[in-house]
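Peer 1: Sequence:
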Amino acid sequence: MLDKLIPHRYNTSGMEKIVEQGLLYDFYGQLLTAHQQKIYELAVYENLSYNEIAEQEGISRQAVHDLVRRTTALMQRYEETLGMIRRFRDLREAADRLCEAAGAATGREELAAQVRAIAQQIRDDLE
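Start counting the sequence shown at 85; every next residue gets the next number (this note's numbering).
Don't read these hints as lab results, they were simulated from the structure.
All of these numbers come straight from a predicted model, not from anything done at the bench.
Glycine is no exception: its CB is placed at the ideal position from the N, C-alpha and C atoms.
Just so you know, nobody snuck in bad clues.
With beta-carbon atoms standing in for the labels, derived distance ranges:
id : residue 1 : residue 2 : range
1  : Ala-196   : Asn-131   : 47 to 57 Å
2  : Gly-142   : Gly-187   : 53 to 63 Å
3  : Arg-181   : Arg-145   : 44 to 54 Å
4  : Lys-101   : Leu-195   : 33 to 43 Å
5  : Ala-157   : Glu-130   : 16 to 26 Å
6  : Glu-136   : Glu-100   : 17 to 27 Å
With the sequences and hints as input, model every part of the structure.
Peer 2: And the structure:
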């Protein structure tokens with residue numbers, strides 16, 4: 085499921101959008117200004133409406149909408165450039181394959197060969 089989410093700019097369901105926004109923020113939220121972080125957290129994590137945020141922060145609803153949209157686009161550009169989420173996902177998949185190989189291998193040499201191949205892929209991904 086996550087393979088479909090990052091990076092992309094396609095229509096997504098409400099749940100996929102929430103997952104995407106959460107992942108983007110987890111990886112790139114620290115690169116935002118304090119104001120961007122606060123508004124984004126209120127909208128995404130606190131699930132406040134744009135009207136509620138606008139009233140609380142003393143800004144317009146349109147300003148909240150624009151800030152959330154621009155902040156999301158900024159974090160998507162970070163992902164397109166840095167690829168941290170993609171790399172994290174690739175490493176997690178490699179770890180899953182290691183677990184599967186350990187469970188499926190019938191002999192020590194077969195397991196060692198599979199582990200070496202996956203470990204090399206991890207090293208390649210980290211370069």
